Amino acid sequence: MKSKKIIFALILIISSIMIAEEVEQQPLVTNIFQNTFILDALSDISAQTGVTIIADTTVSGFVTLELNEVPLEKALKMILMPGGYIFVKIDDFYFVGAPDPKNPAFRFLAESEVFKLHYITAKSVKELLPSIYNSFIKIDEQTYTITITAPRSFIERFKEDLAKIDVPIRQIKISVLVTEVSKDVVGELGINSLDLSLNAGQSINEDWTSVLGLVLGSISFETDVFGNIVSKIKLLEGEQKAKVTADPWIIVSDGKKANLFVGKRHTVVLETGRATSRIESIDVGVSLEIIPKIVNDGEIELTLSPKISHFVGERSGLFSVKRSDLSTTIYVKDGQTIMISGITVKEESDSYQGIPILGQIPLLRYLFGGKTKSGGERELMIFITTEIL
Numbered sequence: 001m002k003s004k005k006i007i008f009a010l011i012l013i014i015s016s017i018m019i020a021e022e023v024e025q026q027p028l029v030t031n032i033f034q035n036t037f038i039l040d041a042l043s044d045i046s047a048q049t050g051v052t053i054i055a056d057t058t059v060s061g062f063v064t065l066e067l068n069e070v071p072l073e074k075a076l077k078m079i080l081m082p083g084g085y086i087f088v089k090i091d092d093f094y095f096v097g098a099p100d101p102k103n104p105a106f107r108f109l110a111e112s113e114v115f116k117l118h119y120i121t122a123k124s125v126k127e128l129l130p131s132i133y134n135s136f137i138k139i140d141e142q143t144y145t146i147t148i149t150a151p152r153s154f155i156e157r158f159k160e161d162l163a164k165i166d167v168p169i170r171q172i173k174i175s176v177l178v179t180e181v182s183k184d185v186v187g188e189l190g191i192n193s194l195d196l197s198l199n200a201g202q203s204i205n206e207d208w209t210s211v212l213g214l215v216l217g218s219i220s221f222e223t224d225v226f227g228n229i230v231s232k233i234k235l236l237e238g239e240q241k242a243k244v245t246a247d248p249w250i251i252v253s254d255g256k257k258a259n260l261f262v263g264k265r266h267t268v269v270l271e272t273g274r275a276t277s278r279i280e281s282i283d284v285g286v287s288l289e290i291i292p293k294i295v296n297d298g299e300i301e302l303t304l305s306p307k308i309s310h311f312v313g314e315r316s317g318l319f320s321v322k323r324s325d326l327s328t329t330i331y332v333k334d335g336q337t338i339m340i341s342g343i344t345v346k347e348e349s350d351s352y353q354g355i356p357i358l359g360q361i362p363l364l365r366y367l368f369g370g371k372t373k374s375g376g377e378r379e380l381m382i383f384i385t386t387e388i389l
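Just so we're aligned, residue 1 is where the sequence shown starts under the numbering used here, counting upward by one.
No lab work stands behind these hints, which were simulated from the structure alone. Only a predicted model underlies this, so the values are computations on that prediction, with no experimental measurement involved. Take these hints with a grain of salt, some might be off.
Unchecked claim - When the alpha-carbon atoms are kept at most 25 Å apart in a straight line, the in silico DSS-like pairs for lysine-lysine are as follows:
1) Lys159 x Lys116
2) Lys126 x Lys183
3) Lys173 x Lys256
4) Lys241 x Lys256
5) Lys173 x Lys126
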């Protein structure tokens, strides 16, 4: 390991010495130019240094500059940069011109290099890179390659900028737990107060019930870790006081959309009139559209669009489905859990109790039996955990 470090240090030292020697070998330029035509300034420098300098037909303009023992190539940069011109050394002379693909002499100023994309699509390169490169690059979407034809300085800058955007896209694991808990035992979880807590200065409509059309309650968000609550739900499930509907997870790229659906697809027959009917499928359950975006190290911007639907009754063969929609953006820490809760679903059922035999006789059952109604409420809770991979 030490030997590798020593070799690397020697390479740096040798490279620095070679660059220094190359600069020292360049002729020095001393001159004063006052609103001088650039072609005349180049001619004066060529005469002073004895180095041939050729300019193409695009070079024009004036320069005001004072040079005092400046290396030749640095002097050329100082003269040419204001006009956007460049130079290249060909054999023992310098060639000066405009780095414009429309310039007839562009082929003498430019060279080509091919780059292979590893993580981003060829289509997105133009959107991510500065527009200054558009005239110099050609993109092949099938082979994920970019060919750039430009002066060497442009290519080196392009290589640096491409390396900044062609990086692995970070992945985010989204875990979802959907559970139904008896309203009677919600208090055991310690979340009786179901408030709506949002971030980023979002405004809150106090009457979420009217907006969402819920039976009771509202939708609430809590940015705390609910691992202990999930464990409690598992215990309640064993006591038949809760039911874990689903616990799916999905891995999604940073900034991409993830869609999760937990529920059932019901097929119903709808009467359209005059002994005709049609079959239609209805999705009932929880649909989640989630867009996670890593905004800071360990912080995630989470855009949530939950859609919740359930049957609320049947009349004359027609089913009634209630839907609740919400869309919001919150910020969570890596590994933090949020909860969507406050959605209450009512259940009612009829039961008949009576004395055996007597309670089953049509006329006598009203005397020796009775019809009772029982009802219950379930609290729908959705836990969402995001984890940066």
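To see whether the hints hold, each was checked on the structure:
Taking the CA atoms of Lys159 and Lys116, the gap is near 11 Å; set against the 25 Å cutoff, the hint holds. Proposed proximity of Lys126 and Lys183 is contradicted: the alpha carbons are some 55 Å apart, above 25 Å. Taking the CA atoms of Lys173 and Lys256, the gap is about 12 Å. The hint holds against a cut of 25 Å. Using a Cα cut-off of 25 Å, the hinted pair Lys241 and Lys256 is violated, with the two alpha carbons roughly 37 Å apart.
For the suggested pair Lys173 and Lys126, the alpha carbons sit about 29 Å apart, so the restraint of at most 25 Å is broken.
Checked against the numbered hints listed earlier, the structure breaks hints 2, 4, 5; every other hint is satisfied.
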